[in-house]
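Given the coordinates of chain A, work out where chains B and C should sit on it, guided by the hints.
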Amino acid sequence: MKTRLLHLLLVLVSLLLVACGQQQTAAPAANGPANSTPDTGNAAAPASTSGDDQSIVVYTALEDDQLERYLDVFKADHPEINVELVRDSTGIITAKLLAEKDNPQADVIWGLAATSLLVADGEGLLEPYAPEGLDRINPKFRDPNDPPTWVGIDAWMSAFCVNTIELNNNNLPMPESWADLVKPEYKGFIVMPNPNSSGTGFLSVSSFLQLMGEEKGWEYMDALHENIAQYTHSGSKPCKMAGAGEFPIGISFGYRGIIQKEDGEPIETVFPSEGSGWDLEANALVKKDTIKPSAKTFLDWAIGDDSMAQYAQSFAIVTAETDQPVPEGFPKDPLAQLIDNDFQWAAENREAILAEWLERYDSKSEPEE
Amino acid sequence: MSASQQTPDNVYLQVRNVTKTFGHFVALADISLDMYRGEFICFLGPSGCGKTTLLRIIAGLEEQNTGQIIQNGVDISRFPPARRDFGIVFQSYALFPNLTAAKNIAYGLEQSKLSRQDIQERVQQLLNLVGLPDSGHKYPAQLSGGQQQRIALARALALSPGLLLLDEPLSALDAKVRASLRTEMTSLHQRLGITSIMVTHDQAEALTMADRVVVMDHGRIVQVGTSQEIYHHPATPFVANFVGVMNFMQATVTDQAGTVYWGSLPLALNHHVAQWPAGSSLTLAIRPEDVRVADAAAGAPSVALAHIEQTEFLGPTYRLHLRIPANGNGHHDVSLLADIPAQQAHHAALQAARMVPIQLPSEAIRVFAPEA
Amino acid sequence: MASTTTSSSAAPTVPDAVIKQRVRQSVTTEDWLIRGLIVLAGLWLLVIIFLPLYSIIYRSLTDKAGNLIWFANYATYFQNPALYGSLYNSIFIATVSTIISVLIGFLFSYAVTRTAMVGKPIFRRIVMLPLYMPSLIHAIALIYLFGNQGFVTKGFFGYFRENWGFDPSFDIGLYGPIGIIIGEVLFCFPQAIIILIVALSLTDARLYEASTALRASRIRTFFTVTVPSIKYGLISAAFVCFTLAFTDFGIPKVVGGDFNVLATDIYKQVIGQQNFQMGATVSILLLVPTVIAFAVDRIVQRRQMSLVNARAVPLHPQPNPLLDGVMLLFCMIITLIVLAMLGTAIFASLVNVWPYDFTLTLKHYDFGRVGGGGFNAYWNSVRMSAYTAVFGTVILFFSAYLIEKGKQLQWTRSIIYFISILPVALPGMVIGLAYIFFFNQPSWDMAGLTIPNPFNVLYGTMTILVIANIVHYYTVPFLTATTALKQMDPEFESVSASMSVPFYKTFWRVTLPVCLPAVLEIAMYYFVSAMVTVSAVIFLYAPSLKLASVAVVNMDDAGDTAAAAAMSVFIIVTSIGVRVLYELVTWGITRQTQAWKKR
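Protein chains in written order, with my numbering: chain A, 1 to 369; chain B, 1 to 372; chain C, 1 to 599.
Be a bit skeptical, because a hint or two may be false.
Not everything, but these chain C residues come out facing chain A in the computed CB check (under 10 Å) [what the hints assert, rightly or not]: (1) L68; (2) V353; (3) Y541; (4) P543; (5) D557.
With a Cα cut of at most 30 Å, we get these calculated BS3-like pairs of lysine-lysine [as the list claims (entries may be wrong)]: (6) K407/C x K103/B; (7) K20/C x K138/B; (8) K288/A x K140/A.
No lab work stands behind these hints, which were simulated from the structure alone.
Glycine included, every Cβ here is placed at the ideal spot set by N, Cα and C.
Just chain A, same shape as in the assembly (with noise of 0.2 Å):
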């Protein structure tokens, strides 16, 4: 018993010692912003700390395929300041931002779901910063306060994807509305993406809530749900299962399944006549001890007319005039396909929303012995 204690109280020490040592080669390293510790031993220092004025980081959810296009721009503007993209979903930036909002790596956030970054203000972690040139967005599709949150760049909306051989071969009409789904002849062959896992997924749950009442969205939904093959965890999987035919309809965003058809695939897109749910992709300043002047520098350059008019050859709708065409595919009137979307409305039922869907729907995975 004894030994045992000697034991213990041996490994707190060395504990002990060993933390004080690192303490103290670690302590400035924690101090301050400029830190430039050579026993990182790394190539990469850590970002957040990173003694470099002009050096930002900056999360994005942008498709990754457009990033570089927006970026030799950005570099040619300002060619002094170093941007260090972190790209991923949608879910996992969301996720990253919010695990690390007691030491925040990201200066910037460029690109992300509106929707996310009302969470992320939920947490504080976002600084109003209002960027040059603000007064040329749309007021519809930035955070109304003064100074804003966050401003929108683009907005996406869902719409289907259709693989028009696999409607062929089953002898099926092209679906025009969401009315059209809850046809019993789709029954087994849509895809949906799992609001749960999803924020495509529940941009259409909400949407449909938004569009038709609660009582109706849900009627709807119970019947959508009598054909809905299955939901996937990403929200542009359902488009890409279409476009390989696993499954004829999935319900997506518009811009996936456009962009699957410039590469070949028998894709089409269907913008339902009832309208689209939509959100917004919009940049914010995040909340640290130093804010980085060249942070707000790319803020003001991602809203303005040379950004604008390279996200508008993706996007057919962005925040700011361009005298760019609408990209093909798209609707002619693309603001008019978009239905009322109240994000607040959706951010603040969000919980109870998803709980109902689960309720509803997630026991269909239940075990079927």
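Quick look at chains B and C alone, frame taken from chain A:
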């Protein structure tokens, strides 16, 4: 047998009041033992008797609960194995499989300050010593069991330890190799004169090799003595039975004169039995080879007619399974074994189903007092 | 006949006071060194596993605002039937996958170690290929083979019907439990093989000779010699497969359809709803089987004896036409499945548009036109994997050695052992999050004191990625190392001590060389695992440190499935290349140091 002097100033290793438990199991109960310089000692006993534990405590591979180990006048009880002066051969030999025989032997030498040249010479010397001068380059897996055992022995001897510990070194070998290694190890011991302790459960091994045998049972030392003492004068029925073959006889003291009956057979004893009251029960024992068959003098004491139930050919001897019929009076038949030279058996045509007279000579009968 | 007075008296007893006494040997410098190293190993695990894990446990006991609410999250979880249904599903999937994986793994390992069938080296190598494949490409291959438009489902698109007159099309109903189980089995059985091959190849031929001499039938020998001698390996393999299948989320996410399991629940909570508290709660539930398995493991381990000592004779399997034939067929089927998966992945990287335009193209190998970091990410991955292999193997093997062979600090060693087998139960996502919580914390407030976090500097570096990989893949190599070490004669250390040779010398000259095959296997395992890993590092990689495996996921996210497949092919080819290199380099060494294995 080598003549190590058993005088107090010649004691090399002392075990003093050693007790060892594993949980609540008592492996060694207050063991004390003196071993003399140059002696070859065998710890003999059935498995679980504590003999290996004692060896490991002497080596420092186990820590005893209480007691001391004194080697060459120094209390080494608290020394870790590395500070103790011994070489050891395990039952598994524990040769390093990835090193050649020579490298195995040199393993400890490389720790010393010897030059490469000296190490090589010493290794060759040891290889010669164990009779494998040309096997230095071989890996253990390329050696036979007997050869591996010799390499292990050479390795244990490499640092010229004061004490050689052997943990069942022969038990993994087949009978023939075992017998030849027995003699070899004995002669090696005589040449080197190194104090050695061997653990074994094989009584023949112990009797042939040891200067003194330490018989152990249930964590206690039951008897310490030369092979002859152990064989001819076992201290307890346990020893008598464990070492060699023994006939046990449950006999009863019948009267004050000291007559003792085994079944219906009255026995004459050299022992004074009057100390036990009539009716007390004694354990008597006699070795099979001490039973006299067919040449019993008529009218001599302890003679009976026995029925040969079975004969067993053992090469130089025959073993007879004998039964002495009861002569009424509520006695039971009793049976015993007798070993007789093969020649005699042939001569007297002793076959199963014959009746022969037998005698149990009084000087050959051992008496174990009734248990208190 | 002699009566049976064999035993002198009953077993002796001693006072309790004596039982508690010990004559302690004086502590040598060497002992202090061992103790120091054990403590160091413990501290290392404390920092890289226990403290991050603690931060997760703590989260599961708090609400969103960080207030301690004890078990309210657990109560919430169990009140929802849809959620605890996942628990049942997970147990079901893991159990079935484990049984199949261990069975396949055992038969395969047996075939390549204990039969005289031909082609053993090539089978051994092919069967490890699934470990080289990013899990996403597993899923893509599965869908391309068995999905609604899969090769098999569609009867190879009419090829057989047109040319051979029969239609082998077959729909296995991929999406759901069947798909998950197939995926998990493909993912788990190579891991079982790693453990079982080590267990099966370290044996003593003489046990078999003895058994043959006793005229035991092959079947009897199998059950009386083979199975007991690898019991520990079998249990370890089952333990690893169960926890892997129980905690994996990649496969259920892609082919699970609506079949919910615990790991996808975590995904929903963390990624879908950013509910870390509930995610942490589910993560803790995932740990439960590990804790149970740990208890079983400890009980079994107590009975494990070492089977390899210096006298052990390597087993040279005797030809047995029937057995060899059956095993050959079995191994061919298994490797064929593996190759079909790999072939499908390569094919997927070459076709224009699956499944509508099967013309072949190399355009997907031009990563410039897609995001994800391209070749830069690829080289980062190679670097990270190399570091993981080197540092992971050194640290892991040495600490396994200390735990297994050290005689000091019994109590500490048990704890270290337990922490060492914990990581298998931690889904990569949980490790990633735990690492953010722990390493990104600039300081801790304790009783009004602010303690700066000395490990904070690691956040966002290559080092933390390497550490995360070492932890994520700690258990399988740890068990491999432990199995190898356990099978060594425990008297090696005693003999060394008798010659006053310090333990580190024996470790260097005997233990390490004898275990070299296992050590090299561990390094390879670390390398290939780090090449394909996604879930742990996806939260941790720094902006300038993009990784190939993450690029695969991002490309697929962006719809570039073919480019994702192409990058996967790069990863696979690299791992194979490293494997070939390693075999060439170690061939010479192995020939020297393992010469003893040849009779």
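Hint-by-hint comparison with the structure:
no.	hint	result
1	L68	violated, 17 Å
2	V353	holds, 4 Å
3	Y541	holds, 8 Å
4	P543	holds, 3 Å
5	D557	holds, 6 Å
6	K407/C x K103/B	holds, 26 Å
7	K20/C x K138/B	violated, 47 Å
8	K288/A x K140/A	holds, 28 Å
This entry does not satisfy hints 1, 7, going by the numbered hints stated previously.
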